[in-house]
Amino acid sequence: MSIQNLTLIVAGAINLIMSILVFSRGVRHSKINLYFSFLTFFNFLWAIGLWLSRSFTDLDLTSIFARSTYVSAIAIVISLLYFVVHFPNKIKVLSIKLKFIVWLPAIFLVFIIYSKLFITHFVNSYSEYEYISYFYKPFYWVYFVYFISIALLSLYFLWQKYKVVEGLFKKQVKFLFLAILVAFIFGVHFDLFLLYFGDFRFNWLGPIFTVFINACVFYFIFPKQEK
Amino acid sequence: MPKNNKKIFLFLAGGTCIFTEAGHIFSVKSQDDIEDWLAQMPELNILADIEPVFISGEDDLIGPNIWQTIAKEIIKRSEEADGFVIVSKIDQLINTSLALTFALQNLKKTIITTTSRISGSNFIDKKEVISNLKNKYGGLSLRSNLINAIQVAQQPLPAPAIMFGTRLIAATRAIFDPLGDVNVFSSISDCWGKVDFGINVKSNLKYNQQKAKIYSDKLADILVFDDIPGVPWSFDRRALTAYRGIFIKVDSYQKLGKNKQEQIIKWKMPIVLYNYHLTSTSKGAISVSNCTFNTALIKTMWALSNEFNKKDFENIMTQNIIEEFLN
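These protein sequence lines map, in sequence, to chains A and B.
Numbering (this note's numbering) for the first sequence: 1 to 227.
Numbering (this note's numbering) for the second sequence: 1 to 327.
Since the hints were made in silico from the structure, they are not lab data.
As the structure is a prediction and not an experimental result, all values here were calculated from the model.
Cβ coordinates follow ideal geometry from the N, Cα and C atoms, glycine included.
Among these hints, one or two may not hold up.
What the hints assert, rightly or not - With a straight-line cut-off of 27 Å between C-alpha atoms, the simulated DSS-like cross-links for lysine-lysine are:
id	chain 1	residue 1	chain 2	residue 2
1	A	97	B	6
2	A	170	B	126
3	B	136	A	163
4	B	194	A	170
Claimed, not checked - Some residues of chain B that are not near chain A, with every Cβ distance over 10 Å (derived):
id	residue
5	38
6	55
7	72
8	73
9	188
10	214
11	220
12	230
Stated by the list, open to error - Computed footprint of chain A on chain B; a stretch qualifies when at least three of its residues, placed anywhere within it, have a C-beta under 8 Å from a C-beta of chain A:
id	region
13	43 to 51
14	190 to 202
I would like the entire structure built from these sequences, with the hints used as guidance.
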């Protein structure tokens, strides 16, 4: 197995373990646990989708798994938004208008992703298992702007929280903000920006940066002094 | 305010100091301050439908009178409430929580107490402490304590508990630990919950299924002192008439001196000898151990406030009424 695929499996596994761990802490009374479980579960699907898309020579199978990664990315960014609204506590409510702005384009984009209007075709490149997708640029831009907007809105909400929370929460928000920012910058660079220019060599690197978010939360759950 | 929010009554009885946006300390000294005080924490109304109730001001003394008022106000509002959060002074928070635990047994409403790191509206002598707290924790902790308390108050708990820092502690298990860092309260057994990644309350906690027992009498005045082996007790017997009983914290390793044992017999009033680990027996006194000092103290005050006869008092003090004894 290539180092690239191994990296994707490890990143996926870490996210899946974290998702199960946080979910098992209880989601009935904790929206934080619920949305973080979603976030890490979709991170897992993203990583596994990328791994599978790089594991077949059959371009039809590659197409299914490669397209699924863009759907997972939408789910990741929506889970992130809902998570930061609740973490560490709610200071504002998502308005109906904002919910429409989030969900309607998401549903539209999911349909588009599985049509020829998003990725027109795939060709094998670099090796017999790797590929390049050719995008229909206008809708790729719609996807790009949507993804960036929701991610930046999430970071903005988190920054607002940082300014008002106190004590332990302030430290937690700061760490999480930085971890999400790192995952966002590298995720966008390797899995959106470079792809736009047809460079697919590094798309396996994006998921590994989600591990920073997991490490932060792991540290919150198991702090040194409570061990 | 979002729909379907639970109704939480927020009782204010001291311990209300917070930093305003301008960096000044603001506390609730009278009913008129509540609106401005709540305006500093608009997020509270997102977490629940908050209804504030003024009990006492920041500079008022907290004791049996206030505890009785809080208990009565809780009973009055228990039908419409989903939970109660009591803000009171840090030095009396354990006793306040315990007084409510004994007064409102098996109430099917969650009661959470919390506080600010400082109490009282005179800050001249606390300047350095306040400055340190601001640098270290970014505030006086009440804002985050309240947010956590309001969320926990919406979940079923078997008895009143203290929410402070990262810990949710049953009142009967709480110990004041002023040298603690983030947490100034410790628990003698497992905490009921902790704040790590959000609030994590133990999943097996629920309301006590037994019938609620409400005791609305004011807790009795008792004389409390520490026994020092070798130092005699000198009391004017007339002074003791002001008290319903005597609570003595004793050494766990030495028996009371013969003179002291004779004094206890002569006093002919309810006397409790307390030590966490073990107490030697003395005729005419009840020995209590295996629970916190505050629990034993408030239990004595509660038991003496009710018209139990001497035999009942002895039984009650040794019975596990609200799971106050370990094991």
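Hint by hint, here is what the structure shows:
This hinted pair checks out: residue 97 (chain A) and residue 6 (chain B) have alpha carbons roughly 24 Å apart, not beyond 27 Å. Distance check on the hinted pair: residue 170 (chain A) and residue 126 (chain B) sit about 24 Å apart at the alpha-carbon level, within 27 Å; holds. Of the pairs offered as hints, the one joining residue 136 (chain B) and residue 163 (chain A) holds, with about 15 Å between alpha carbons and a cut-off of 27 Å not exceeded. Taking the CA atoms of residue 194 (chain B) and residue 170 (chain A), the gap is near 17 Å; set against the 27 Å cutoff, the hint holds.
Consistency note on residue 38 (chain B): stated as away from chain A, and its beta-carbon is indeed over 10 Å from all of that chain's, at 14 Å minimum. For residue 55 (chain B), the requirement that its beta carbon stay farther than 10 Å from each beta carbon of chain A is met, with the minimum near 25 Å. The claim that residue 72 (chain B) lies off the interface holds: its Cβ sits roughly 30 Å from the closest Cβ of chain A, which is beyond the 10 Å cut-off. The Cβ of residue 73 (chain B) lies farther than 10 Å from every Cβ of chain A, with a closest approach of about 26 Å, so its non-interface assignment holds.
Listed as outside the interface, residue 188 (chain B) is consistent with that label: its C-beta sits roughly 17 Å from the nearest C-beta of chain A, beyond the 10 Å cut-off. Against the 10 Å criterion, residue 214 (chain B) stays outside the reach of chain A, whose nearest CB is about 28 Å from its own CB. At roughly 38 Å from the closest C-beta of chain A, the C-beta of residue 220 (chain B) stays outside 10 Å, upholding its exclusion from the interface. At roughly 40 Å, the least C-beta separation between residue 230 (chain B) and chain A is larger than 10 Å, which holds for a residue marked as non-interface.
Counting residues of the region 43 to 51 of chain B whose C-beta sits closer than 8 Å to any C-beta of chain A gives 3, which meets the bar of three, so the coverage hint holds. Check result for the region 190 to 202 of chain B against chain A: holds, 8 residues qualifying (beta carbon to beta carbon below 8 Å, three or more required).
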